[in-house]
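Residue numbers (the UniProt record's numbering), protein chains in the order written: chain E, 1 to 204; chain U, 1 to 396.
It is worth saying that the hints were derived from the structure and are not from the lab. Fair warning: there could be bad hints in the mix.
[Said to hold, decoys possible] As a list, the in silico SDA-like pairs of lysine to any residue whose alpha-carbon atoms are at most 25 Å apart:
(1) E/LYS108 x U/ARG79
(2) E/LYS150 x E/GLY185
(3) E/LYS108 x U/THR123
(4) E/LYS108 x U/LYS144
(5) E/LYS150 x U/SER70
(6) E/LYS108 x U/GLN114
(7) E/LYS150 x U/LEU158
(8) E/LYS150 x U/ARG165
(9) E/LYS108 x U/PRO34
(10) E/LYS108 x U/ASP225
(11) U/LYS97 x U/ASN115
(12) E/LYS108 x U/ARG165
(13) U/LYS97 x U/PRO34
(14) U/LYS97 x E/GLY185
(15) E/LYS108 x U/ALA251
(16) E/LYS150 x U/LYS144
(17) E/LYS108 x U/LYS97
(18) U/LYS97 x U/MET86
None of the values given here were measured: they were computed from a predicted structure.
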Amino acid sequence: MDFIAEALPPMLWAAGNTVWISAVGIALGLVLGVPIAVGCEARRAWALTYVSFFRGVPLLIQLMLAYYALPFLGIDLPAWFAATATLGLCCAAYMAEIIRGGFALVQKGGLEAARLLGLTPRQILLRIRLPIALQAMRPAVINEAILIVKASSLISVVGILELTRSAQAIASSTFEPLPAYALCGAIYLAMNLLLMMFARGRPA
Amino acid sequence: MRASRPGTLSFHPARAWRRGPGFAYSPVVQENAPHLRLDRLTKRYGSQAAVDGVSLSVDRGECIALLGPSGCGKTTTLRLVAGFIMPDEGRIQLDGKSIERSPPHRRQIGMVFQNYALFPHMTAADNVGFGLEMRDVSRAERDKRVAEALSMVGLAHLADRYPARMSGGQQQRVALARALVIRPDLLLLDEPLSNLDAGLRVEMREEIARLRAAAGITTLFVTHDQEEALALADRVAVMDRGRIVECASPAELTERPRHLFTAGFLGARTVLAGRAADGHFVLEDGTALPLPEDAPERPSHLVLRAARLWLLPALEAELPRGPLPYNRLALPAVVTAATRLDDSIHYEVAVGSRQIRVHRPSAELAIAPGTDVTLAAPPEAVSWIEDFTAATGASA
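Whenever a hint applies, use it, and build me the whole structure from the sequences.
Given below as structure tokens:
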């Protein structure tokens with residue numbers, strides 16, 4: 001009990017970093033995912049290359065490249081920026097594929113009805129295709145969000161104190177790895193259960 | 001108000017719509033001008049012509065059905081009119097103006113899709129009002145017109161319901177309200193009843209007929225269901241392999257089809273091939289039937305309507321050619337099969353080597369298979385197809 005009282009505050013503070021960076025990464029992924037999905041649908045080379053790279057290279061390597069390789073090109077990024085941007089860019093590649101799958105569920109008739117009613121291609125995307133696709137793909141988006149929250153444990157490699165890094169630090173300073181990692185796992189579980197509840201609690 | 005030119009429409013959009021329980025149009029129009037005109041419309045996909053030189057004139061307020069089997073080009077024709085695809089050749093004129101290169105929303109067309117194509121993330125009211133919103137109609141006017149449209153289709157109580165929580169018939173009505181609320185010049189219906197069950201189909205057929213009559217709107221609809229086409233349309237254009245084979249009123253088509261394809265497609269008929277010789281029509285198996293005076297010069301096929309044929313007791317002697325209702329044709333026959341349906345009995349009757357379909361009311365006493373009968377055909381059961389129509393298309 002003493003251990004929890006002592007370890008919980010720093011872990012919750014670190015969990016705040018995890019939540020914040022994950023949330024920004026997921027939001028960035030969703031926002032960037034839309035134009036990338038449109039690009040993939042139109043078979044644009046840049047979009048297909050983007051998705052292939054970010055889905056094909058492990059996130060850990062991407063983080064290393066962003067934080068350690070970019071300075072060689074004269075681009076020096078703060079650790080939190082490198083971590084958030086990499087997480088967001090990686091998430092965008094997966095979101096693009098989810099959104100593209102969602103677009104496929106939009107009936108051709110619905111798009112034709114929209115054209116007949118006078119919507120521009122941009123309006124059709126924003127008012128018809130995206131809302132329908134997002135509604136259909138919400139489970140997949142929540143699933144991706146959960147994966148991003150868990151993948152955020154990798155950002156400790158660029159020196160950011162997030163939940164996993166905090167658990168590591170507590171485990172090494174107290175020599176009690178089991179309760180430290182158990183508590184860390186419980187906090188991750190709580191965060192992801194909240195995400196799942198959010199997914200279930202809203203009607204499709 | 002636009003100046004009225006000969007053969008063109010002149011009407012004020014704001015006044016074209018009568019307020020009240022039913023929507024109606026009151027345009028000022030030259031009598032002689034067709035409202036919609038398709039002129040040698042052609043659409044090819046590779047070497048295959050999906051629509052092959054289709055010509056059709058539709059008067060204002062008229063309802064035309066494009067009827068034909070799957071792949072005959074009827075939906076492609078409708079999509080050409082809607083503007084979803086561009087023709088390779090030919091013209092589409094609405095009120096005398098060529099619209100074949102105009103985008104869909106500039107054509108002032110309302111359309112009901114086969115799968116209704118409602119937006120699943122919008123309520124019934126939002127679906128109906130969406131087109132008005134895109135046309136920058138004020139909020140107050142929009143709400144008023146949406147309420148009017150939904151009450152017209154009997155769904156005012158479902159305004160806040162999403163499509164996923166509606167039955168097929170309800171979705172169909174919302175789609176119809178959405179198409180009509182923008183006050184279109186032309187209403188297009190793409191197989192509007194094909195996704196509904198039999199009972200609902202009849203109900204919706206009557207509903208569409210009522211709404212169309214109330215709106216007085218020019219309508220073009222696609223179907224492969226002859227019953228639907230004959231019940232709803234003022235004229236039916238029968239299509240085959242990208243062409244309009246025949247275009248006529250439902251009565252003309254059912255009673256006097258002029259084309260072999262039409263006679264075969266409309267079903268509940270037996271088409272017998274033969275040739276004229278010495279005042280007789282000689283069937284392929286050699287059976288000679290007397291040719292009536294009103295038969296064409298060169299008949300190539302005899303068409304017998306199943307629902308108009310009579311089955312009489314077998315007679316040894318030839319039937320007298322007196323003022324009997326069945327004095328046109330009387331042939332010895334044998335009943336080979338009988339199927340009792342709800343309101344009729346469907347017989348298969350053998351005349352020589354040919355099987356002929358006969359439909360009789362179920363109130364009549366059923367005739368057992370194997371019974372010798374006389375197949376009698378009154379004038380209204382018989383029609384002829386001439387040689388020249390067998391190979392030609394028809395424009396309407």
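- Query: Which numbered conditions among the earlier hints are violated in the structure presented, ordered from lowest to highest?
  - Reply: 4, 5, 7, 8, 9, 11, 14, 15, 16, 17
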